[in-house]
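Colleague: Make the full structure from the sequences, and use the hints.
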Amino acid sequence: MDVYGKTDIGMVRTTNQDSYAFGKFDDGTAWAVVCDGMGGANGGNIASSIAVKTISDSILKSYTEEIGEVSLRLLLESAVQTANTKIFDEARSNDQLQGMGTTVVALIAKDNSIFIMHVGDSRAYIVSSDSIEQITRDHSVVQSMIENGELTPEKAKYHPNKNVITRALGVGSNVAPEYNVVDSMESAKLIICTDGLTNCVDNETILQIVNSTDNEQIPERLIDTANKNGGKDNITVVVIA
Numbered sequence: 012m013d014v015y016g017k018t019d020i021g022m023v024r025t026t027n028q029d030s031y032a033f034g035k036f037d038d039g040t041a042w043a044v045v046c047d048g049m050g051g052a053n054g055g056n057i058a059s060s061i062a063v064k065t066i067s068d069s070i071l072k073s074y075t076e077e078i079g080e081v082s083l084r085l086l087l088e089s090a091v092q093t094a095n096t097k098i099f100d101e102a103r104s105n106d107q108l109q110g111m112g113t114t115v116v117a118l119i120a121k122d123n124s125i126f127i128m129h130v131g132d133s134r135a136y137i138v139s140s141d142s143i144e145q146i147t148r149d150h151s152v153v154q155s156m157i158e159n160g161e162l163t164p165e166k167a168k169y170h171p172n173k174n175v176i177t178r179a180l181g182v183g184s185n186v187a188p189e190y191n192v193v194d195s196m197e198s199a200k201l202i203i204c205t206d207g208l209t210n211c212v213d214n215e216t217i218l219q220i221v222n223s224t225d226n227e228q229i230p231e232r233l234i235d236t237a238n239k240n241g242g243k244d245n246i247t248v249v250v251i252a
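Residue numbering for the sequence shown follows this note's numbering, beginning at 12 and increasing consecutively.
Hints listed in this document are in silico derivations from the structure and should not be mistaken for laboratory results. Owing to the predicted nature of the structure, the values given are computational and were not obtained by experimental measurement. Hints may contain errors.
What the hints assert, rightly or not - The list that follows gives simulated cross-link-like pairs (lysine to aspartate or glutamate, EDC-like), each with its CA atoms no further than 20 Å apart:
| hint | residue 1 | residue 2 |
| --- | --- | --- |
| 1 | LYS35 | ASP194 |
| 2 | LYS35 | GLU76 |
| 3 | LYS200 | GLU144 |
Said to hold, decoys possible - Label-pair distances were calculated between CB atoms; the ranges are:
| hint | residue 1 | residue 2 | range |
| --- | --- | --- | --- |
| 4 | GLU197 | THR25 | 39 to 49 Å |
| 5 | ARG103 | SER142 | 42 to 52 Å |
| 6 | ASP213 | GLU189 | 15 to 25 Å |
| 7 | ILE78 | GLN145 | 24 to 34 Å |
| 8 | THR177 | THR224 | 30 to 40 Å |
| 9 | SER142 | VAL192 | 17 to 27 Å |
| 10 | GLY241 | THR163 | 19 to 29 Å |
All C-beta atoms in this analysis are idealised placements derived from N, C-alpha and C, irrespective of residue type, glycine included.
Modeller: The structure is reproduced here in structure tokens:
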């Protein structure tokens, strides 16, 4: 597997509060962390940066070629919980940073399986030659409304509260990350992104771009498309293929 990524400030924001990191181990296993910060002039940037560094350091320190599924889950969960504590403590120590937080998608792609821990509404997608499937579940107000039958997915795209999330790292002393495993990486590509992409580019366009672009160029082409469609937020894209 190869992994590529890019971030962009977009066309509207004055700062980029997204952060990301990725890498590949000698055995071919790939990993990625994507965060979308929130809170204050600098708070979002600080929160997302703390999360990415903390989780990346944990993955690099703890991963071994022999690691099993149970240990992978514990690795990711511990890393996310540690990041939550660091952001929360930093916010409590500085009045100007109170309320800062960040989304996170942290994953390891190993032996055609994907091990994912996420919080918030940044997303991961599996893209094959003819389909695109979201494999994370948004922790958001509109997603809860969809699941309760109060809103259709189509109407959710235009709901005034579509950007309000129900979980984030750092806003409380504890966080409830969601974990899942997908065993279908073979012959597919994995896209990890912030909502700056998905709020400006629909799934069909993502599918078309991913399948008509060299892997290394996919992040740039998706970001360029989001910016052409308004670039209303920071945009981060990582591809594992």
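Colleague: Each hint should be assessed against the structure and marked as holding or not.
Modeller: Hints, verified against the model:
| no. | hint | result |
| --- | --- | --- |
| 1 | LYS35 x ASP194 | holds (19 Å) |
| 2 | LYS35 x GLU76 | holds (12 Å) |
| 3 | LYS200 x GLU144 | holds (11 Å) |
| 4 | GLU197 x THR25: 39 to 49 Å | holds (42 Å) |
| 5 | ARG103 x SER142: 42 to 52 Å | holds (45 Å) |
| 6 | ASP213 x GLU189: 15 to 25 Å | holds (24 Å) |
| 7 | ILE78 x GLN145: 24 to 34 Å | holds (26 Å) |
| 8 | THR177 x THR224: 30 to 40 Å | holds (34 Å) |
| 9 | SER142 x VAL192: 17 to 27 Å | holds (19 Å) |
| 10 | GLY241 x THR163: 19 to 29 Å | holds (23 Å) |
The structure agrees with every numbered hint stated previously.
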